[in-house]
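There are 2 protein chains.
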Amino acid sequence: MSSPFDQQKAIPGVKKIIVVSSGKGGVGKSTVSTNLALALSKKSKVGLLDADIYGPSIPRMMGAINQKPQVNADQKIVPLTRLGLKLMSIGFLVEEGAAIVWRGPMLFKAMDQFFRDIDWGELDYLVIDLPPGTGDVHLSIAQKIPVSGAIIVTTPQNIALADAKKAVDMWKRVNVPVLGVVENMSYMLAPGTHEKIQLFPKGELSSYLDSQKLVRLAEIPFNPSVSLGSEAGIPVVESHASGVEAQAFFGLAERVLALG
Amino acid sequence: MSSPFDQQKAIPGVKKIIVVSSGKGGVGKSTVSTNLALALSKKSKVGLLDADIYGPSIPRMMGAINQKPQVNADQKIVPLTRLGLKLMSIGFLVEEGAAIVWRGPMLFKAMDQFFRDIDWGELDYLVIDLPPGTGDVHLSIAQKIPVSGAIIVTTPQNIALADAKKAVDMWKRVNVPVLGVVENMSYMLAPGTHEKIQLFPKGELSSYLDSQKLVRLAEIPFNPSVSLGSEAGIPVVESHASGVEAQAFFGLAERVLALG
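Protein sequences, first through last, are from chains D and V.
Position 152, counted from 1, in the first sequence is what the numbering used here calls 152; the numbers after and before it change by one each time, with no gaps.
Position 12, counted from 1, in the second sequence is what the numbering used here calls 12; the numbers after and before it change by one each time, with no gaps.
Don't take every hint at face value.
Sample of chain D residues facing chain V (criterion: CB under 10 Å; computed from the structure) [unchecked claim]:
| no. | residue |
| --- | --- |
| 1 | S57 |
| 2 | D117 |
| 3 | Q198 |
| 4 | V244 |
Calculated pairs, EDC-like style, for lysine to aspartate or glutamate (alpha carbon to alpha carbon, straight line, at most 16 Å) [claimed, not checked]:
| no. | chain 1 | residue 1 | chain 2 | residue 2 |
| --- | --- | --- | --- | --- |
| 5 | D | K144 | D | D112 |
| 6 | D | K43 | D | D112 |
| 7 | V | K15 | V | D136 |
| 8 | V | K76 | V | D136 |
| 9 | D | K202 | V | E231 |
| 10 | V | K196 | D | E195 |
| 11 | V | K43 | V | E122 |
| 12 | D | K196 | V | E195 |
| 13 | V | K9 | V | D169 |
| 14 | D | K109 | D | D136 |
| 15 | V | K42 | V | E238 |
| 16 | V | K202 | D | E231 |
FYI, nobody ran anything at the bench for these hints, they're computed from the structure.
The beta-carbon is built from N, C-alpha and C at its ideal position, and this holds for glycine as well.
Work out the full structure: start from the sequences and follow the hints.
Structure representation (structure tokens):
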């Protein structure tokens with residue numbers, strides 16, 4: 001009997017594939033994907049693939065809403081280029097307002113097209129923003145392409161951690177190395193007073209990471225400017241590059257680069 | 001050809017079924033479900049069903065983690081009772097740390113059991129916390145049980161609104177009345193200064209609601225105490241009943257009760 005992982009095929013021209021996932025939605029996974037990809041692109045050739053079929057946020061975050069990618073002579077989709085990054089999103093294929101209820105077969109077809117029919121050219125890194133949770137998209141990624149590593153995004157509280165653990169567990173089961181965990185919305189500095197506000201109570205992330213021999217790749221503070229940057233289509237790594245949030249993303253990129 | 005909606009069957013003893021959904025995860029859907037159900041239960045008989053298969057948070061939020069419901073002589077599952085509420089969660093059937101990759105057939109089986117094999121007794125309201133997004137669980141709910149109405153939870157920014165629109169669109173397509181939208185994490189009052197902090201930038205929710213003739217059922221401020229209550233297993237409606245956040249949830253319950 002052949003293993004489903006025998007179907008794995010490299011994406012031509014792409015050296016490393018990093019997936020960004022989260023157990024739970026709304027933890028800032030797309031914000032992390034986008035800012036990580038932009039920070040990496042200052043030192044390497046990077047593509048960003050938005051595979052969050054349920055809520056493709058990256059077109060808006062990258063100021064590329066309602067764009068339609070072109071198809072080249074080889075019938076391959078040509079990614080857009082924004083802020084030095086090559087960019088493709090499932091959001092370019094569907095209308096923003098439309099409800100898509102993806103059922104298994106449609107989903108696999110769309111994913112297959114995504115992995116095979118995009119002309120990325122030469123990339124050092126392809127960063128893939130996955131849907132939250134643990135589902136069919138994750139399994140089909142692990143089966144179809146050789147993923148170099150997974151980054152898990154979570155917020156500090158135990159309710160989010162419970163779901164992050166499931167994501168870690170899933171990647172381990174399909175033999176994708178977990179590069180580490182990004183703690184997003186770690187804390188917030190109150191405007192004016194700069195008092196540290198714990199928006200979400202600190203849970204047991206540190207002891208969990210120790211027990212699993214996993215690293216915390218970054219702690220990203222909450223700042224309304226991050227969300228504003230996402231809304232405006234200019235991520236915080238571009239718009240406030242010297243701020244503490246952007247610096248946390250650059251630090252994350254350095255750690256990813258250091259992994260080789 | 002018979003319509004899939006011919007499969008709809010009432011849940012015995014249950015008068016009204018309210019589903020709480022969101023386009024995007026992390027907007028506080030389970031927090032809204034839990035506090036709405038608790039607020040409703042002060043004036044009526046209420047059950048809370050956690051059908052968020054990807055991240056069942058309600059056991060933790062209701063202080064009922066690692067509980068195992070009993071099966072009665074009729075082979076029906078008996079919901080737990082907590083804080084005057086009848087409670088059942090997919091989380092009671094699986095280990096918190098385990099990754100479950102639900103595929104279609106498993107999912108439908110679990111959902112069917114959830115709708116048919118629980119002995120709710122007499123309920124005025126069954127509040128169902130759905131997974132975020134628009135997927136198979138939503139369709140199977142709409143097909144299998146007569147839903148009285150859907151409440152959509154969102155946060156203020158346009159990235160969240162884009163996904164909330166998809167949820168509205170989906171419920172309309174399957175003829176489930178949309179009762180309205182709850183705007184969660186509307187703003188935050190800074191501790192000490194009580195300055196209003198716009199955590200997420202205000203998007204175009206108001207004009208969207210007007211255009212769709214939909215109502216904003218509640219605006220819930222962000223307060224770390226809400227998240228703390230969820231972590232501690234005592235929702236804010238119980239722990240800080242007189243606070244502005246709890247009062248917003250009581251207001252939401254009043255509006256739902258007023259719908260009859």
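A quick look at each hint next to the structure:
Taking 10 Å as the C-beta contact cut-off toward chain V, the hint placing S57(D) at the interface holds, the least distance being around 5 Å. Here the hint on D117(D) is broken, as its CB sits about 24 Å from the closest CB of chain V, past 10 Å. The closest approach between the C-beta of Q198(D) and any C-beta of chain V is roughly 6 Å, which is under the 10 Å cut-off, so the hint is satisfied. At a threshold of 10 Å, the smallest CB-CB gap from V244(D) to chain V is about 17 Å, leaving the interface hint violated.
A hinted pair counts as satisfied when its Cα atoms are at most 16 Å apart, and K144(D) with D112(D) qualifies at roughly 8 Å. A threshold of 16 Å between alpha carbons decides the hint, and for K43(D) with D112(D) the separation of about 29 Å lies outside it, so the pair is violated. Distance check on the hinted pair: K15(V) and D136(V) sit about 24 Å apart at the alpha-carbon level, beyond 16 Å; violated. Restraint check for K76(V) and D136(V): not satisfied, since their Cα atoms lie roughly 25 Å apart, outside the 16 Å limit.
Between K202(D) and E231(V) the CA atoms are separated by roughly 10 Å; this keeps the pair inside 16 Å, and the hint holds. Between K196(V) and E195(D) the alpha-carbon distance is near 15 Å, which keeps this suggested pair within the 16 Å criterion. The suggested pairing of K43(V) with E122(V) holds, with an alpha-carbon distance near 14 Å, which does not exceed 16 Å. The straight-line distance between the Cα atoms of K196(D) and E195(V) is roughly 15 Å, inside the 16 Å bound, and the hint therefore holds.
For a cut-off of 16 Å, the pair hint linking K9(V) to D169(V) is broken: about 24 Å separates their Cα positions. Pair hint K109(D) plus D136(D) holds up; C-alpha atoms about 12 Å apart against a cutoff of 16 Å. For the hint linking K42(V) to E238(V), the alpha-carbon distance of about 11 Å falls within 16 Å, and the restraint holds. Using a Cα cut-off of 16 Å, the hinted pair K202(V) and E231(D) holds, with the two alpha carbons roughly 10 Å apart.
Violated hints for the displayed structure, listed by number in ascending order: 2, 4, 6, 7, 8 and 13.
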